[in-house]
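Novice: Spelled out, the chains give:
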Amino acid sequence: MNRRSAVQLTALAGTAGFAAKFFWRPGLQRRISGRSKVAILRCTDYLDCLPAVRDGLRLIDCFVRSKRILLKPNLVEYSPMAPINTNPFLIAAVADALFSAGAASVTVADGPGHIRDTEMLLDESGLAEHLRSINRVNFVDLNFDPIRRVAPAARTTSLDELWLPESILQADVVISMPKLKTHHWAGVTLSLKNLFGVVPGSVYGWPKNVLHWEGIDNSIVEIAATVPVHYVIADGIIGMEGNGPLHGPARHLGCLVFANDPIAADATCCRLMGIDPSKVKHLEMAAPLGNLHAPRIEQRGESLAVTRQHFALMPEFTGLRDQDAL
Amino acid sequence: MKRSAILEDLSHRTPGGIEDAAIAGLALRGVGKVDETLLRAQSSAGAWAAVPNGPPNTYLTALSLLALRHSREPQEFRACARSLQWLQGCYPVECHWLWKWKFRLVDRQVRFDPSKYGWPWVPGTVSWVAPTALTIVALRTSEIESSRIQIAEEMLLDRACPAGGWNAGNSSVFGVNLDPHPDFTAMALLALAGGPHVQSPIISSAAEYLSMRLETCQSAYSLAWGSLAFAALGDARATKYRRRLERMDARGTWPPRTLGLVALALEDPTFAFKEFAK
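Sequence lines, in order, name chains A and B. If you use the numbering used here, the first sequence closes out at 326, no skipped numbers anywhere. If you use the numbering used here, the second sequence closes out at 278, no skipped numbers anywhere.
One should not assume that every hint holds.
To be verified - Under 7 Å between C-beta atoms, here's a sample of chain A residues computed to sit facing chain B: (1) Val203; (2) Val210; (3) His247.
As the list claims (entries may be wrong) - If you want the ones that stay clear, here's a sample from chain B, every Cβ over 12 Å from chain A, calculated: (4) Val51; (5) His70; (6) Tyr91; (7) Ser115; (8) Lys116; (9) Val129; (10) Glu154; (11) Phe184; (12) Arg213.
None of these hints come from the bench; they were simulated from the model. Keep in mind the model is a prediction, meaning the values are calculated, not measured. The C-beta atom is built at its ideal place from N, Cα and C for all residues, glycine as well.
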C-alpha cells in the first residue's frame, strides 16, 4: 500500500466513524409483547383513592409479590397554589396497596431538577409526613444516590454514557408516577418525561442542563430506552394545563391511569388531555418501545371518551390537539 | 445541638461524594486533615467530578478548592493551582458569539443577558447560579484578580428574581417570573457580599426574601446556607438562624454535607471564607 492509499483509507475510516457516531441509531428494543393493558379509574378525592388504586393494580395484572419496588413520583418544587407534584396521599395509597399485594419493599425515590434541598421539598409538600405514617417506606434522593455508568440504549443523544442511580438500577420493579401536566418545552410531562428525575444532579447539576442541550425530546427517549419502567400509575385527579409544569392552572380530570407499558400509559393520558399522542415528538420517537396506537391498547375501566377533557395548550403546542376528539 | 457533637459525628462518617468530602473538610479544618479522597479525586486537568471519569463539575471544583485552600496543608497548593487554572479556563456556552446571538434573536422564552456570564455546572452548558456563586467565592478567596469575577457578579445581578432572591438560573421563562430558592439565594449572597455590589438594592431585596423564606423553613441545609450568607453580609439575622440550628437534633438523618454546613454555621463567630495570597 502506498502513502496515497493509506491516506485515502484513513480518511475513509475516519468519515465512516464520524457518520456512525452521529447518524447510526440502534433500533429501540420493544419492551412488551402483544397489547398493552391500560386502566382508567374514576377518582375525584385524594383522601379516598386507595380503593381505586387497588382496583387499578388488579386491572393491569400488576405483579409485585416478593419484589423490591421503586416508586418514582414527579417531585419538582412545592407551591401551595399549584398542583405541581404527584399528590402525597396517592403515593402513600400506592405504597400501602403494594404492600398488601405482597411487595417485599417499597422505596419512593426522585431527584428534583430545580431543588437541591429535597428535605425541604418533602417537608413542605407533606410527603415526608405521609411516608412516616406508613413507616415501612423510605425515601431516596436520586440526586445524591450512589451511581453507575451505563451505556445509553437509544443513541438519540451524543452522550457516550449515562450515570444512573443504583436504586433505580437495582429495583426489581420501577413504577413511574407522573402527574398529568402540559409542559412548556416537551408538550406534555407524563411517565417518560418523569424519568428526567432519575438523572443525578450530583453529576449533571440543577437543573440537568446537559439533557436540555442534547434536546429534551432526544434525552427523554434516551433515558426511557435505558431505564426500565415496568408500570405506570398516573395522577390525573388534579392535573395542570397551559404553562406547565409549574405555572399552569389546575385541571380537575378526576381519574387515575394505570398501565403495564409507559408508552401506552402516556398515549392514553394524552388522549385524556385531548392531545394526539402521535404528534408529541418524544412519544412518537419512543413509540417502538411499546404501544402508542389505540388498537394495540387493551383499555379497561372507565371509557376514555367520557373521561376526556381538553387541556389548554400553550400557543407553541396547539398543533398537538387531537382533532378527532374535538 | 452542640457543634462539638456534630464534628465528632462528622469525623466518623464516610463521605458519600465529593460535595460531602469538601464540606466536611471545611468543617473539620484544624481538627482533622482534609479527606484524602479530595486529593485523590482531582483530575489531571485540575477539576473534580461527582464520580471518577465523570463529567468535570464546576460547583464541586470550586467547593473542593475552598476546602483545600482552608486546610493550609503545603502539599495541597499544587492541587489548588491546577483547579484555579481549570476554573478560569471553563466558559459557559453563551460566551460564544453564535450562542450569544441565538439567545438574543431566537431563544427568547428565557429572559437573560448573554453578555453577562458566569460558570456552568458542567462544560458545554450555560451559566447557573450555584456554580457561578461558589466559583466567585473560590477565586476571590485565592485573591485572583480576573475580569471574569466582575462579569460573573453582573450575571448574578442580571438573573435575580424580580421579587428578590435567586432561582437556579434565570428569573423568567415564557413571560412568567420564577420563584427564588433559599439555598441558591444564600450562595449568591455569599458571592456578592465580598464584592462591589454589596449596597445594591438587589442584595437587600434578596436578603429580605431569604429572611422571610427561612421563617417557615425546617430544613437544616437551607438554614445553614442562610446563616452563612447573613454572616457574610454582617447581618445580625445570622444569629437567629444559628439559634434555630442549635435547637435542631436530627443529625443522624443528615448527610455529611448538611452536618458540615451546620457545623460551619455554628462556629463562633460564624464561618467566613478567608482570603489567601496566591
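Novice: Indicate, hint by hint, whether the structure satisfies it.
Specialist: Going down the list of hints, with the structure as the test:
1. Val203: holds, 4 Å
2. Val210: holds, 6 Å
3. His247: holds, 5 Å
4. Val51: violated, 6 Å
5. His70: holds, 22 Å
6. Tyr91: Given that every Cβ of chain A is farther than 12 Å from that of B:Tyr91, nearest at about 14 Å, it holds.
7. Ser115: It holds; B:Ser115 is separated from chain A by about 19 Å at its closest Cβ, greater than 12 Å.
8. Lys116: Non-interface label on B:Lys116 holds, nearest chain A Cβ at 17 Å vs cutoff 12 Å.
9. Val129: Non-interface label on B:Val129 violated, nearest chain A Cβ at 9 Å vs cutoff 12 Å.
10. Glu154: Non-interface label stands for B:Glu154: nearest chain A Cβ at 21 Å, farther than 12 Å.
11. Phe184: Given that some Cβ of chain A is not farther than 12 Å from that of B:Phe184, nearest at about 8 Å, it is violated.
12. Arg213: violated, 10 Å
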